[in-house]
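Enquirer: For the protein sequence lines, the chains are A and B, in the order given.
With the numbering used here, the residue at position 11 of the first sequence is 11, and numbering never jumps.
With the numbering used here, the residue at position 4 of the second sequence is 4, and numbering never jumps.
Derived by calculation from the structure, the hints in this document are not laboratory data.
Source: prediction; values computed, not measured.
For glycine and all other residues, C-beta sits at the position ideal for the given N, C-alpha and C.
Be careful, since some hints might not be right.
The list that follows gives simulated cross-link-like pairs (lysine-lysine, BS3-like), each with its CA atoms no further than 25 angstroms apart [stated by the list, open to error]:
| id | chain 1 | residue 1 | chain 2 | residue 2 |
| --- | --- | --- | --- | --- |
| 1 | A | K97 | B | K14 |
| 2 | B | K41 | B | K55 |
| 3 | B | K64 | A | K97 |
| 4 | A | K97 | B | K41 |
| 5 | B | K41 | A | K3 |
In silico contact screen, one side only, chain B against chain A (beta carbon under 10 angstroms); selected entries [said to hold, decoys possible]:
| id | residue |
| --- | --- |
| 6 | F34 |
| 7 | L46 |
| 8 | T49 |
| 9 | G109 |
| 10 | R111 |
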Amino acid sequence: DAKTTQPPSMDCAEGRAANLPCNHSTISGNEYVYWYRQIHSQGPQYIIHGLKNNETNEMASLIITEDRKSSTLILPHATLRDTAVYYCIVRSPNYDKIIFGKGTRLHILP
Amino acid sequence: GAVVSQHPSWVICKSGTSVKIECRSLDFQATTMFWYRQFPKQSLMLMATSNEGSKATYEQGVEKDKFLINHASLTLSTLTVTSAHPEDSSFYICSATSRVNYEQYFGPGTRLTVT
Numbered sequence: 001d002a003k004t005t006q007p008p009s010m011d012c013a014e015g016r017a018a019n020l021p022c023n024h025s026t027i028s029g030n031e032y033v034y035w036y037r038q039i040h041s042q043g044p045q046y047i048i049h050g051l052k053n054n055e056t057n058e059m060a061s062l063i064i065t066e067d068r069k070s071s072t073l074i075l076p077h078a079t080l081r082d083t084a085v086y087y088c089i090v091r092s093p094n095y096d097k098i099i100f101g102k103g104t105r106l107h108i109l110p
Numbered sequence: 001g002a003v004v005s006q007h008p009s010w011v012i013c014k015s016g017t018s019v020k021i022e023c024r025s026l027d028f029q030a031t032t033m034f035w036y037r038q039f040p041k042q043s044l045m046l047m048a049t050s051n052e053g054s055k056a057t058y059e060q061g062v063e064k065d066k067f068l069i070n071h072a073s074l075t076l077s078t079l080t081v082t083s084a085h086p087e088d089s090s091f092y093i094c095s096a097t098s099r100v101n102y103e104q105y106f107g108p109g110t111r112l113t114v115t
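Please work from the sequences and hints to get the whole structure.
Expert: Here it is as structure tokens:
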């Protein structure tokens with residue numbers, strides 16, 4: 001079973017920051033938080049991952065709480081092309097299989 | 001970046017026939033490949049884990065005799081849907097774990113329609 005909980009859907013205005021929350025209260029100390037997204041009829045696309053520290057790349061920022069029980073993915077300037085289902089995943093350090101939860105369907109509003 | 005391809009991207013077949021889907025890691029060798037199935041408006045469901053040179057490990061509820069997996073090399077895994085039925089119509093996605101950085105990369109998916 002997936003070890004994360006996400007809201008089923010969210011709306012965000014184009015040009016604004018999209019903040020997608022994820023709860024992973026049972027995460028173990030050596031497990032990573034990964035974010036993927038899936039645009040309609042495509043394979044999942046890697047966005048970002050982290051262990052304890054906040055991370056940023058060209059796509060997004062990942063904020064992980066100090067107790068690691070939750071995290072937030074931030075898309076700084078959402079565009080219509082960011083409309084997708086976003087999956088928050090907890091992954092073990094032995095890089096075992098990835099189990100997907102239900103994700104958050106993000107709608108970017110023009 | 002690492003690229004995973006799938007072939008075909010879509011296929012239509014008649015009920016009772018078999019269909020083979022290929023998954024290739026194009027620019028890296030994969031320790032492990034995974035096969036997922038996704039029904040409309042649902043999440044990805046892991047079907048099986050495939051390692052080169054060994055038998056695939058199937059998730060609970062997945063019929064191994066119906067979904068045959070062959071992992072012929074470090075860059076190729078195939079999924080054969082045998083005696084396909086309309087309820088097998090789905091989006092099939094593979095992924096591959098790189099031997100270099102152990103990250104998992106996903107293919108673009110194959111849409112199977114059984115008529």
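Enquirer: Compare the structure with each hint and give your call.
Expert: Evaluation of the provided hints:
| no. | hint | result |
| --- | --- | --- |
| 1 | A/K97 - B/K14 | violated, 32 angstroms |
| 2 | B/K41 - B/K55 | violated, 31 angstroms |
| 3 | B/K64 - A/K97 | holds, 18 angstroms |
| 4 | A/K97 - B/K41 | holds, 22 angstroms |
| 5 | B/K41 - A/K3 | holds, 20 angstroms |
| 6 | F34 | holds, 6 angstroms |
| 7 | L46 | holds, 6 angstroms |
| 8 | T49 | holds, 6 angstroms |
| 9 | G109 | holds, 5 angstroms |
| 10 | R111 | holds, 7 angstroms |
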